[in-house]
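Given the coordinates of chain A, assemble chain B onto it according to the supplied hints.
Those protein sequence lines, which keep their order, are chains A and B.
Counted the way the numbering used here counts, the first sequence spans residues 37 to 612.
Counted the way the numbering used here counts, the second sequence spans residues 37 to 612.
Just so you know, not all the hints are guaranteed correct.
Copies of the same chain look alike in the list, so a pair counts if it works inside one copy or between any two.
Capping the alpha-carbon separation at 27 angstroms, the derived lysine-lysine pairs in DSS-like fashion look like this [claimed, not checked]:
#1 K572 with K608
#2 K175 with K345
#3 K263 with K494
#4 K251 with K263
If you are wondering where the hints come from, they were derived from the structure by calculation, not from laboratory data.
2 protein chains.
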Amino acid sequence: MGKKILRVDMESGKLEYEEVSEEYRTLGGRGLTSKIISDEVPADCHPMGPNNKLVLAPGIVTGTSAPSSGRLSVGGKSPLTGGIKESNVGSRFAQTMAKLGLKAVVIQGKSDGYKMLKLDKDGGELLDASPWVGMGLYKAYEELYQKFGDKVDICSVGITAEMSGVNSGICFNDIDGLSSRYAGRGGLGAVMASRGLKFVVLDGKNAPGVEIKDKELFEKGRKKLAKAIQEHDVTKDGGALPSFGTAVLINIVNEAGGLPHRNFSSGKEDMAEMVSGEKKAEMIKQLGGERPHVCSPGCIIRCSEVWTKEGGKDPVGVLEYESVWALGPNCGIYDLEIIGELNRACNDLGLDTIEMGNTIAVAMEGGMLEFGDGEGALELMEEIRKGTYKGRMLIHGTEFVGKALGVHRVPTVKGQAMPAYDPRSIKGIGVTYATTTMGADHTAGYTIAPEILGTGGKIDPLEKDKVDISQALQRSTAVIDSSGYCLFTAFPVLDIPEGLEGMVETVAGVLGEDITVEDLDGIGKQILDIEREFNKRAGFTEKDDRLPEFMRTEELPPHDVVFDVEDGELDKVHEG
Amino acid sequence: MGKKILRVDMESGKLEYEEVSEEYRTLGGRGLTSKIISDEVPADCHPMGPNNKLVLAPGIVTGTSAPSSGRLSVGGKSPLTGGIKESNVGSRFAQTMAKLGLKAVVIQGKSDGYKMLKLDKDGGELLDASPWVGMGLYKAYEELYQKFGDKVDICSVGITAEMSGVNSGICFNDIDGLSSRYAGRGGLGAVMASRGLKFVVLDGKNAPGVEIKDKELFEKGRKKLAKAIQEHDVTKDGGALPSFGTAVLINIVNEAGGLPHRNFSSGKEDMAEMVSGEKKAEMIKQLGGERPHVCSPGCIIRCSEVWTKEGGKDPVGVLEYESVWALGPNCGIYDLEIIGELNRACNDLGLDTIEMGNTIAVAMEGGMLEFGDGEGALELMEEIRKGTYKGRMLIHGTEFVGKALGVHRVPTVKGQAMPAYDPRSIKGIGVTYATTTMGADHTAGYTIAPEILGTGGKIDPLEKDKVDISQALQRSTAVIDSSGYCLFTAFPVLDIPEGLEGMVETVAGVLGEDITVEDLDGIGKQILDIEREFNKRAGFTEKDDRLPEFMRTEELPPHDVVFDVEDGELDKVHEG
Numbered sequence: 037m038g039k040k041i042l043r044v045d046m047e048s049g050k051l052e053y054e055e056v057s058e059e060y061r062t063l064g065g066r067g068l069t070s071k072i073i074s075d076e077v078p079a080d081c082h083p084m085g086p087n088n089k090l091v092l093a094p095g096i097v098t099g100t101s102a103p104s105s106g107r108l109s110v111g112g113k114s115p116l117t118g119g120i121k122e123s124n125v126g127s128r129f130a131q132t133m134a135k136l137g138l139k140a141v142v143i144q145g146k147s148d149g150y151k152m153l154k155l156d157k158d159g160g161e162l163l164d165a166s167p168w169v170g171m172g173l174y175k176a177y178e179e180l181y182q183k184f185g186d187k188v189d190i191c192s193v194g195i196t197a198e199m200s201g202v203n204s205g206i207c208f209n210d211i212d213g214l215s216s217r218y219a220g221r222g223g224l225g226a227v228m229a230s231r232g233l234k235f236v237v238l239d240g241k242n243a244p245g246v247e248i249k250d251k252e253l254f255e256k257g258r259k260k261l262a263k264a265i266q267e268h269d270v271t272k273d274g275g276a277l278p279s280f281g282t283a284v285l286i287n288i289v290n291e292a293g294g295l296p297h298r299n300f301s302s303g304k305e306d307m308a309e310m311v312s313g314e315k316k317a318e319m320i321k322q323l324g325g326e327r328p329h330v331c332s333p334g335c336i337i338r339c340s341e342v343w344t345k346e347g348g349k350d351p352v353g354v355l356e357y358e359s360v361w362a363l364g365p366n367c368g369i370y371d372l373e374i375i376g377e378l379n380r381a382c383n384d385l386g387l388d389t390i391e392m393g394n395t396i397a398v399a400m401e402g403g404m405l406e407f408g409d410g411e412g413a414l415e416l417m418e419e420i421r422k423g424t425y426k427g428r429m430l431i432h433g434t435e436f437v438g439k440a441l442g443v444h445r446v447p448t449v450k451g452q453a454m455p456a457y458d459p460r461s462i463k464g465i466g467v468t469y470a471t472t473t474m475g476a477d478h479t480a481g482y483t484i485a486p487e488i489l490g491t492g493g494k495i496d497p498l499e500k501d502k503v504d505i506s507q508a509l510q511r512s513t514a515v516i517d518s519s520g521y522c523l524f525t526a527f528p529v530l531d532i533p534e535g536l537e538g539m540v541e542t543v544a545g546v547l548g549e550d551i552t553v554e555d556l557d558g559i560g561k562q563i564l565d566i567e568r569e570f571n572k573r574a575g576f577t578e579k580d581d582r583l584p585e586f587m588r589t590e591e592l593p594p595h596d597v598v599f600d601v602e603d604g605e606l607d608k609v610h611e612g
Numbered sequence: 037m038g039k040k041i042l043r044v045d046m047e048s049g050k051l052e053y054e055e056v057s058e059e060y061r062t063l064g065g066r067g068l069t070s071k072i073i074s075d076e077v078p079a080d081c082h083p084m085g086p087n088n089k090l091v092l093a094p095g096i097v098t099g100t101s102a103p104s105s106g107r108l109s110v111g112g113k114s115p116l117t118g119g120i121k122e123s124n125v126g127s128r129f130a131q132t133m134a135k136l137g138l139k140a141v142v143i144q145g146k147s148d149g150y151k152m153l154k155l156d157k158d159g160g161e162l163l164d165a166s167p168w169v170g171m172g173l174y175k176a177y178e179e180l181y182q183k184f185g186d187k188v189d190i191c192s193v194g195i196t197a198e199m200s201g202v203n204s205g206i207c208f209n210d211i212d213g214l215s216s217r218y219a220g221r222g223g224l225g226a227v228m229a230s231r232g233l234k235f236v237v238l239d240g241k242n243a244p245g246v247e248i249k250d251k252e253l254f255e256k257g258r259k260k261l262a263k264a265i266q267e268h269d270v271t272k273d274g275g276a277l278p279s280f281g282t283a284v285l286i287n288i289v290n291e292a293g294g295l296p297h298r299n300f301s302s303g304k305e306d307m308a309e310m311v312s313g314e315k316k317a318e319m320i321k322q323l324g325g326e327r328p329h330v331c332s333p334g335c336i337i338r339c340s341e342v343w344t345k346e347g348g349k350d351p352v353g354v355l356e357y358e359s360v361w362a363l364g365p366n367c368g369i370y371d372l373e374i375i376g377e378l379n380r381a382c383n384d385l386g387l388d389t390i391e392m393g394n395t396i397a398v399a400m401e402g403g404m405l406e407f408g409d410g411e412g413a414l415e416l417m418e419e420i421r422k423g424t425y426k427g428r429m430l431i432h433g434t435e436f437v438g439k440a441l442g443v444h445r446v447p448t449v450k451g452q453a454m455p456a457y458d459p460r461s462i463k464g465i466g467v468t469y470a471t472t473t474m475g476a477d478h479t480a481g482y483t484i485a486p487e488i489l490g491t492g493g494k495i496d497p498l499e500k501d502k503v504d505i506s507q508a509l510q511r512s513t514a515v516i517d518s519s520g521y522c523l524f525t526a527f528p529v530l531d532i533p534e535g536l537e538g539m540v541e542t543v544a545g546v547l548g549e550d551i552t553v554e555d556l557d558g559i560g561k562q563i564l565d566i567e568r569e570f571n572k573r574a575g576f577t578e579k580d581d582r583l584p585e586f587m588r589t590e591e592l593p594p595h596d597v598v599f600d601v602e603d604g605e606l607d608k609v610h611e612g
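This is chain A alone, in the form it adopts within the complex:
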């Protein structure tokens, strides 16, 4: 039985299961969400108006036994960037959705009042979601698990999305049922809420599972990939990611002079050590959390964790590198317990941590509070929860608060705030920030792998010549984001050729298509071309492929460098 596309018209309340067209048959994840958005959403529509849509699509191998492949893509026109958006998340939800035979769910129209979309193997229905409006997500998830049993998977938007905050992510459950996994970037939570959709609840009981056309090929590939993951220093048992999680990067990037402190004012500070991955792993032991941990069943990398308060109380879920940085050093805050509370508040309210940390940092620069004022930052989160105007000033992203407070040092590209790598001292990631279709996004072409970690061969982060590496990684990332594999499989795959072969064989096996490693660059380019064409129709030009002015003129200590990759070079990324 092939997968179906479910179309939910929120206005009429009608659910329709559509056959998958030949054109969409080999697509999944990002490749599929971007194609559907490009085909169905007018590029010049208002992102919160009646014509935007939201698309959820698991990756191609998601829901199979392929390792570390519990990924889901969420697509729409972003109210943060004004361009196309794919936001990617790891959650069991993705696997359940695939096993239920859903290739994609398309949400369109707008309901009266908030609804919950409940799906199981027999179909679905829209239920009233009003009892959970205005409630924090941790509590809402508890109630929903009580109501539907602890086996369901939940996708949701929080209080800030209800307030149309364009920094609202879409939240998914982790394997403990915590509201801690986010398709965070680009404000798609606001789009979901603007359709009137509050929750998607999946009951995977007796789900048929994912059809694999060529089981032998799939199995062969799966083994090769699993072996590569288990052999690579970054991903193997006892390796960097399982041991310390993504926050292992805090010390490494700080040491390289590329960890932004106090709204991108310095690239290195001794205090970073206080919030490092190593320190965090130690504290998790003391506090009673859990590490390592998986975000979805079948992950053999296990970068995740459960951060808690003393005695295992108030479990947050994972504190990712990006979140620790955004809510920590970038705000001059070097206290993991406060960062944990801020992260919990973001998860509870429905906010993307990267954007929120940048927003707080710009608010600090604009004088709303002092750099380093962790208690003040926590109070801001309560202002948001209460829906005060001060709070509402903080839910629309970093550019918005920059405008509100007259700050011109605003670290955004295409309206989306930068992740935890300063592009002045790590120039390849600056090329990616500038030129990806997504707005400033490290995951779109993660040059940190070669520039900082030496994966696929070490290159100098301060060297300007990064067009080729960013191009190659942007294309391969578009493929990985479509496959359903976690981006972290790229570490072993970049260094171990058999790993890459195995990855491709699993995808070919599921689809029953003849795909080889040589095809990947072209497939990636196709996806990016669709996204770039959408952005062009939305009014984007090469002028949108630029870093903010202050990064081109203001030197970053300790290397005292500006971002000096020429515009003409940036424009070459999408050539060829």
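Just chain B now, kept in the frame of chain A:
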């Protein structure tokens, strides 16, 4: 003695008088501000960052005895639109500046603390302006007139500009010294404040005056133009403008179904009559104000007035058509006394009334208050004055508050809110809104003249074929905005050929250049090309030359029409 360009470096505090280059010699007003901004400001700079500049330039004939020519252009990169901006104002300030031999003042850099630029015939200096920071402008002007005597002219920015509000205009004195004349549009007040400049004070005592190269030609032209103004029905003594001011349009445009009510939800309502120009003229008599009145000496049209409270108290200055509409019908408010108070608050705080009225209307649509709640609107102005976060949500323009409250019916083009004509039922003005370099701006190509008033031949407002008329008017407007003449001279000039000849002769006379009526279209196109080229470098495309989605899909009563001029037609406006 020829004019000079004064360059003020706010950082060093240095004032330099520069000779006028041959390239700039024949330019004035908008033609000059746009050229200097285009030459000196990087199009991709942050409008509030260190590289933006502010340019003030009187028109070519400003400061002479040419009738109705007391106009000044203010230019910069707009923080509201992100593109080039010329904002035009009528004030004696313009005349004094020209008489002081200043072709332009260029403000660059940023001072510590707020300064006042004081200029007289012997030169200038920067003084401390901190005593007036945080003070309403009516009171500040009173104090400055006490300090410097009642003959000076004053340019200023208000409290909202100090708060970086990108809907901050630049205020100028009327002939009674009231802070009521505004270069309001596009947020250039925020740019001026971001340079650290709070006031420009001009002492015109013994100013040398404006040199006229060919006095005979000038005098010949002046008489022809004055005669045309005194003959035309709109501008003559007892004509529409002197009798009722610009608000004479309220009844006329409402009758045509083009007066937007309640955030562009209806084009005609009976209640409009309660805020008509006729009603206002009657009330001015009762309340003790003055009508007609001039905005600057030598104006023979006299559309202005002094609106006051009962007994002539709390004089506001003029209540323009656009302001009455924006703060009135567009907010569902049909009470002139409340509108007068709202207008006074805008003048006092330093806000553009058109943008502010739209902002309040969108705030009403977003649920911040009810349509028609005049008292609530007045309370919002006090929130702004106090600098609360609620208030600060309202000083950054209409798109900002739309985003803040999740409203998608936001009537803006290029980020600037629409004036008092609904483009669905008056399509030519829609073509101008869409395609002008300025963002939605009626003055940039005032098709209302032929579409509603029949000036230059009557054409049907509902007819779609408006590319040619908008193009012609955008070009001629660019010329008028450079000449120093008030745009209202266009009424007689469009209908009476000798008037136009006379206008051109005065300009040719001042410059000593051989300019004829046939040259005007080309000169206008040159100015627009410079502006369009700047906007292109700033990242604008034809996608920015579009009206908002809801106006293309939502029918406007009573004609039940959408804006249906095709995109391809809009793109033709700047061809040829």
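Against the structure, the hints:
Both within a single protomer and between protomers do K572 and K608 lie at most 27 angstroms apart by alpha-carbon distance, with minima of 16 angstroms and 20 angstroms respectively. In the homo-oligomer, the alpha carbons of K175 and K345 lie at most 27 angstroms apart inside one protomer (17 angstroms), although the nearest pairing across protomers, at 55 angstroms, exceeds that limit. Taking identical chains as interchangeable, the C-alpha atoms of K263 and K494 lie at most 27 angstroms apart only when both belong to the same chain, with a minimum of 23 angstroms there against 80 angstroms between chains. Taking the closest pair of Cα atoms, K251 and K263 come within 27 angstroms of each other only inside a single copy of the chain (18 angstroms); across copies the shortest separation is 92 angstroms, beyond that limit.
Of the numbered hints stated above, none is contradicted by the structure.
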